[in-house]
Amino acid sequence: MVSYGDLTISILAASLPLTMPILYAAIGEVYAERSGVLNMGIEGVMSLSAFVSLWVTFSTGSYPYGLLSGMAVGLAMGGLHSFVTVRIGINQLIAGLMVYFLALSLGDFGYVIVTKTTYLHVRPISPVQIPALSNLPVLGPILFSQNVLVYASLAVALLLGLILFRTTWGLKIRAVGENPEAADSAGINVNLVRHLCVITGSTLAGLAGASLVLGYLGLYATGDTLVAGRGWIAIVVVIFARWSPYRAIAGAWVFGLGYSIAAIFIGSGLFSDLGPGSGYFLLAIPYIFAIVFILLFHRGTKSPSSLTVPYKRK
Amino acid sequence: MYFENRKATSTTVIAAVVIVVLIVAVAAVVLATGSKTSTTTITSISTTTATSTKPSSSIKLALLVGGDTTDDGLNDQGVQVAQWIGSTYGWNVSISQDVAYSNQGALMTSYAQEGYNVIWADGNQFIGTTEAIAAQFPKVDFIMTPTYDGDNITKNVVALGAQNQATGYYLAGVLSGKMTKTNAVGVVIGQWFAALSYEFYAYQAGVHSVNPSAQVYLTVPGTWSDPTIGYEDATTMINTNHVDILVPIADTTGLGVISAATVTNTTLIGTVLDQVQLSPTSMMTSVLLNMTAFIQPVVEHIINGTWSQIGGQIQNLNLGYLGPFHAYDSVIPATVKAQLTQTAAGIQSGTIKVPFNNTQNPPSTP
Amino acid sequence: MTRVSPGKYLPYLLGVLVSLVLFSVILSAFGYDAVTSMEGLVSGSFGTTFLASETFFLMGPLLLAALAFLVPFRARFYNIGVEGQLYIGALFGYLAAAQLGGFPSAVAIPVMLLAAAAGGTIWLALPLLMRIKLQVNEIFPTLVMNFIALDVVNWLTAGPLKDPLSGNLQTPALPQSTWLPALIKSTQFNVGVIVALAAAVAVYFVLYKTVLGYEIRASGASPRAAQSGGVNVSRSILAVGLMSGALAGLAGIVVVAGVDHVLAQNFSPGYGYQGISVAALGSFHPLGIVVASVLYAALSVGGESLQRSVAAIPIDLVYALQAIIVLSVLVVEKWIGDRTGRSR
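Residue numbers (our numbering), protein chains in the order written: chain A, 336 to 649; chain B, 64 to 429; chain C, 25 to 368.
Just so you know, not all the hints are guaranteed correct.
Claimed, not checked - Derived pair list, reagent style SDA-like, types lysine to any residue, alpha-carbon separation capped at 20 angstroms:
| hint | chain 1 | residue 1 | chain 2 | residue 2 |
| --- | --- | --- | --- | --- |
| 1 | C | Lys186 | B | Lys123 |
| 2 | B | Lys123 | C | Leu319 |
| 3 | A | Lys451 | B | Val142 |
What the hints assert, rightly or not - Chain B is nowhere near these chain A residues, computed Cβ spacing over 12 angstroms in every case:
| hint | residue |
| --- | --- |
| 4 | Ala467 |
| 5 | Leu471 |
| 6 | Pro472 |
| 7 | Gly496 |
| 8 | Thr503 |
| 9 | Ala556 |
| 10 | Phe616 |
| 11 | Ile626 |
Just so you know, these hints were derived from the structure itself, not from any lab.
Remember, it's a predicted structure, so these values are computed and weren't measured experimentally.
For glycine and all other residues, C-beta sits at the position ideal for the given N, C-alpha and C.
Between the sequences and the hints, there should be enough to build the whole structure, so can you do that?
The structure is reproduced here in C-alpha cells:
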C-alpha cells in the first residue's frame, strides 16, 4: 500500500500547478472589482484562451506566441465586457454571464472545427529543477520543482499587489472603486480606469487559460470540462482574499489543495471501498471549502463600495 | 451629447481600439482556417464530408453519439464509420453528436418519423432508450454498440455484445506483461460498468498469463469528463505504484491520463481508435475495435434485404486487435511480436480462452 | 414599467435585429450560408409536429428557470444557483415520487411537485439566510452550491439510488402515476409546460397586483427609500427567495417526471444558467419571459437540427448566437433607453 508521507508530498506538489490558473484569474478579477466592475465571464474567457493558445502553440511550435495569443483573447473579451458594462451600462452580472456563454461556445466551436483535420495537443512546459533547492527532502519536490508559469503566477501576484497598494496608479484604482464621485472631482477619469482594470483583469484570465494548457494539461476539452469551474472559484477567491492580490495567493492555494486532495485520493484507490460513486464526495471538497470559508470570514469582507454600480458623470 | 469632454472621448477610443483588435483577430482566424493544411500525421484520418454529394442510394442512416468526438475515442470512431458508409454505399447519413441524455428519445423518434431507415446508437447510455423506441418503430432497423449485455431487444435491433473488446485487451495484457520493467501496470476506467469490466479482466488475465508477478492497478475516477482528475490520478499511479504502462479507458478524463503519461514518459495503450496522435512519443499501441467488421455485414444485410438473418441478435465477435506500434516498433522485441501473433491465432482457433468475466463493482486495488 | 406602450418594444426588436445581422456576419465569416442557416433554424424548430413539440417542451424548464431568476432579481437578490436548486428539487421530487406509486395521479403528481418545490427552496435556504442575517452577497454562495448539488446528485445516481438493472447512472423509473401526462401523444410536450405557464401568470399576478409584489419591486428599485417608506426589505428578500427556490425545483421535476421518467446524472444541460439568459431576453418581465423562452427554445432545437443537417453547423455556434442575442438586446435597450430617458 502507499505511504501516507509520499501521498502528502504528492498532494502538496500537485496543488501548485492546480493553484496557478486560479491565481492568475483571481488577481485579474481583483483589479476589475477594485475599480468597481464585476466580471463573471472569466470562466469562459479562460476556456476560449485555452483553446486559442493550444492551437497557436501547436501550429507554430512557439510557447511564447501561445501565451501571448491567450492573453490577446483575454484582452478582447475584456474590452467587450467593459464596453457593455462601463460604456453602455447594462447589468454587470448578466453581461458577465453572457460573455461566459459566448467565449465558451466560441472556444468549443473553434476546437470542433480544427479537430476535423488534426488533433491538438502540446507537451506542457517542463518543470525547472531549481539547483540545490530542489534536492531538499520534502520541500524540494513541492516548492522548487515547478514550472516557470507557476513561479510567474506568484511573481505576478506580488507585483500587482505592489502596484495596487503602493503606487499612485493603484491609489486611483481603489479610489474609483470606493467613491467614484470623489475620484471624479479629483480629476480621475473614472470610466477609463474601469476600462483598463477590466481589460487587465480579463487579460490575466486569458493568461490563466493559456497556463492551464501550456503549463499543466497540454490539451483542450469541450463543454467547459477543461476549466471545470476554476474560473468561478477564482471569483470566490477574490472575496476571501478581501480584494488583495497577496491574500489571493493563499486563497487560490486553498482551492488548489482541495482539488489536489480529491484527485489524488481517488487516484490512490483509498476511496474505492466506500461504495460506487463515493468519489463525488471528494470532487465536492473544494466547493465545500468555499462555502465554509465564506461563512467563517464574511465579517470584514467589505467589497469596494461601488462594485456593480455603473458610474454616470452628472 | 456623448462627447461631453475629452476624457469621455478617450474611453470611447479605447473601446473602439479593442473592438478593432477583435475584428482583426477574427479575420486572422478566418484566414488561418482557410489556408491551413493539415500537419503531417502518422496515421491518416478520413476526412470525408458528412454526406456524399450524390447519394446513389435512398437509404437513410442516422447515427447518435453521446459525447466528445475529438479524442479519437468511441464517439469519433462512430462518426468515421458512419461517414465511411455514406461514401462507400451512397447512404444518406445524418450524425447527431453530443446527444444529451434527456434528448435521446425525442431524437430517435424524430429520426424515425422523418423516414430514416436505420438508426445506430453508438454508446451505452442509449441502451434503455433504444430498446424502447425500437419497440415502437418495428419498421426501422436499429443498431446498438459498443457493448450490450441485456436481453431485451426486438427483432428490428442488432446489438454488439459486451465481450467484443476482450480479445484486444487480452493481447494488450500480454504485450504489457512482457514490456513492463517495473512489473506494475495501470488501468484507468472512467466509471465502472459491468459491461466495461470484461475489458479489465481480460487485460489482467493477459498480463498474468506471461508475467504472473506483475501488479495490475486500477483507478476509477468516477467521471468521463474531467481531464484534471485523469491527469492527477495517472500521476499518482505513476508516482506511488510505479506503473510504467497506462491503459486509459476514460474518454475526456483519459485525455488527462494521456497528458500525464506523456509528460513522465510513461508508456500508453490507447483505446478504440489509434490514439497515437494524442501522444506520438508515448503511445505504444491502441486496442482497436474493428467496428467495420461488425457494421459492414449489417449494412450488406440491409441492402440485400436479409435483415431477418441478424435481427434480434446480440453478436459477440472478437473485434479487438492491436494497432500499429509506431514509435515503439523498434523497441518491442521480435520475440514479443511473435508471441502476440501466436496468441491472437490461438484465440481465433480456440486453443487460448480469453476469460469473459464481469462484476458489478470494481475489485479492490492490490 | 407597469404601463405597456408600443414604443417599449422597439429597442427590443432592434436588438434582435442587430444580433441577427451579427450572426449572419459570423456565419458567413466561417463559410456557412447565412440564409439557409436561418431557414434551417426556423424549420428545424417548428417544421414538423415533432420538432415543434420539442420546442414547446423545452420551453417548460427554461421558463421556470427564468422565472426563478426573475423574481428575486426584482428585489436585487441575484440567485444564480437555479441550476443546483433544480437538481435538488428534482431529487426531492424523485424521492417523493418513489413512495407514491400506489396513489392515483391526481394525488401523486401534486405531492411530487410540492416536494420538488420544497427541495429547491431548501437548497437556496443557506445562501438566503446568509444574505438576510449576515449580509453576505448571495452571488457566490449560490454559484458554489450549484457544484455541490451536482456532485450530490451524481453521487446518489451512481451509488445509493442507482438502478441495479440499468447500465446507466440513473435511478429506477418513477412510478407511472407520477409521470406528467403528455399533451400530444408520444411527444415530449407534456403538462410541465402548463405548470410553467401557470407559474408565469402567478408570478405576474404576485409582482404586479399584490402588495407583496409592490414591496418586492420597491426593495429592488431602491432599498433605502423602500426601507424608510415602511417596506420590510428583509421580508421581501425572504419572500422572493422562497418563491425562487420553489420555481427552480419545479424546473427540475418537470424534466424528470415529464420526459426522462428517471433521475439521471447530468439531466440538465444547464437550464439554470440558460434561464438567466431567457430572463434577460424577456426584459425581466414575466410575460416577456414567456415569449423569450419560446424564442430561446426554438434556437436550441433549431440549432440541433442544423447540426444534424447537411450543413453540419456545430451547435456551439448557435449557443454563441444565443449569448449575442441577449447582449445585443440588452445593449440596444439600454442605449436607446438612456437617449430617451426611459432606462430603468
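Hint check:
1. Lys186/C - Lys123/B: violated (36 angstroms)
2. Lys123/B - Leu319/C: violated (30 angstroms)
3. Lys451/A - Val142/B: holds (11 angstroms)
4. Ala467: Non-interface label stands for Ala467/A: nearest chain B Cβ at 23 angstroms, farther than 12 angstroms.
5. Leu471: Fine: 18 angstroms to the nearest Cβ keeps Leu471/A off the interface.
6. Pro472: holds (16 angstroms)
7. Gly496: holds (25 angstroms)
8. Thr503: About 18 angstroms separates Thr503/A from the closest Cβ of chain B, which puts it past 12 angstroms; holds.
9. Ala556: Contrary to the label, Ala556/A does not stay out of reach of chain B, its closest Cβ about 5 angstroms off (not over 12 angstroms).
10. Phe616: violated (10 angstroms)
11. Ile626: holds (21 angstroms)
Violated hints, in rising order: 1, 2, 9 and 10; the structure is consistent with all others.
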